[in-house]
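Read top to bottom, the protein sequences are chains A and B. No gaps in the numbering here: position 5 of the first sequence is 5 in the numbering used here, and each next residue is one more. No gaps in the numbering here: position 38 of the second sequence is 38 in the numbering used here, and each next residue is one more.
Source of the hints: derived by calculation from the structure; they are not laboratory data. Hints may be right or wrong, so weigh each one.
Using 16 Å as the maximum straight-line C-alpha spacing, the simulated EDC-like pairs for lysine to aspartate or glutamate come out as follows [as the list claims (entries may be wrong)]: (1) B:44 x B:26; (2) B:57 x A:102; (3) A:103 x B:79; (4) B:44 x B:59; (5) A:103 x B:56; (6) B:14 x B:79; (7) A:49 x A:66; (8) A:49 x A:64; (9) B:44 x A:102.
One-letter residues, chain by chain:
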Amino acid sequence: AQSVTQLGSHVSVSEGALVLLRCNYSSSVPPYLFWYVQYPNQGLQLLLKYTTGATLVKGINGFEAEFKKSETSFHLTKPSAHMSDAAEYFCAVILISNFGNEKLTFGTGTRLTIIP
Amino acid sequence: NAGVTQTPKFRILKIGQSMTLQCTQDMNHNYMYWYRQDPGMGLKLIYYSVGAGITDKGEVPNGYNVSRSTTEDFPLRLELAAPSQTSVYFCASSYSIRVGGSNGIQYFGAGTRLSVL
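Sequences and hints are given; from them, build the entire structure.
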């Protein structure tokens, strides 16, 4: 079975501070991993993804994530938080069904609050 | 670029009423999905489709039905609305990761906020 766990449903950081949002996955095969962001009253937008190749992935708005197979993690970071980063962030993994079909399984989300 | 379009944006239903949430995409994606989002619960997959005429259940299919007669459209049907179906519903679409290119990236609509009273 494949699943994804996000540690911390709420994270608060000061403006200019490091952002770290944690995501761990369980998968019996090499995973496809994603981070999505949801701004208030909007749909989800892709921040970044890991499929194969370089384990450090850079995304939009200064975010990046590192795939660590030994730790089964895909944590999202940003060196300096901006007020506009306040949103809900979802980690997700591609789940391959018994019929070979692909389903994206989401974590429960982390709400990021930026303190002025 | 329209992307994924959902209608309506908001709807209030009475218990027992039925309705169809519309979803259309203009990216020629083979995969389409319906999710519901409840506070603190993340997104739960209701149904998905791997192509026209082919659908499959997700995690929470009870109380819903879908059809996929064309590549572009993937409507979600609620037959007998219940208060437990009060939620925000998102439609999404993607290419298969096996196709390559966008590697499974899902594109989301803006959502439909549904209240059942």
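Take the C-alpha atoms of residue 103 (chain A) and residue 79 (chain B), compute the straight-line distance between them, and say whether it is at most 16 Å. Violated, because 25 Å separates the two Cα atoms, which is more than 16 Å.
Would the hint linking residue 44 (chain B) and residue 102 (chain A) be met if the CA-CA limit is 16 Å? The hint holds at about 15 Å.
Given the hinted pair residue 44 (chain B) and residue 26 (chain B), is their Cα-Cα distance within 16 Å? Answer violated: residue 44 (chain B) to residue 26 (chain B) is near 24 Å, above 16 Å.
Check the hint pairing residue 49 (chain A) with residue 66 (chain A) against an upper bound of 16 Å on the C-alpha distance. Between residue 49 (chain A) and residue 66 (chain A) the Cα gap is close to 10 Å, so the pair holds against 16 Å.
Need the status of pair residue 103 (chain A), residue 56 (chain B): alpha-carbon distance at most 16 Å? Measuring from Cα to Cα gives roughly 10 Å; hence the hint holds.
For residue 49 (chain A) and residue 64 (chain A), compute the direct alpha-carbon distance and say whether it is at most 16 Å. holds, 9 Å
Holds or violated: residue 14 (chain B) and residue 79 (chain B), Cα atoms, limit 16 Å. holds, 12 Å
Assess, step by step, whether the Cα of residue 44 (chain B) is no farther than 16 Å from the Cα of residue 59 (chain B), and give holds or violated. Judged against 16 Å, a Cα distance of about 6 Å means the pair holds.
Residue 57 (chain B) paired with residue 102 (chain A) [C-alpha distance capped at 16 Å]: holds, 12 Å
Checked against the numbered hints above, the structure breaks hints 1, 3 and satisfies the rest.
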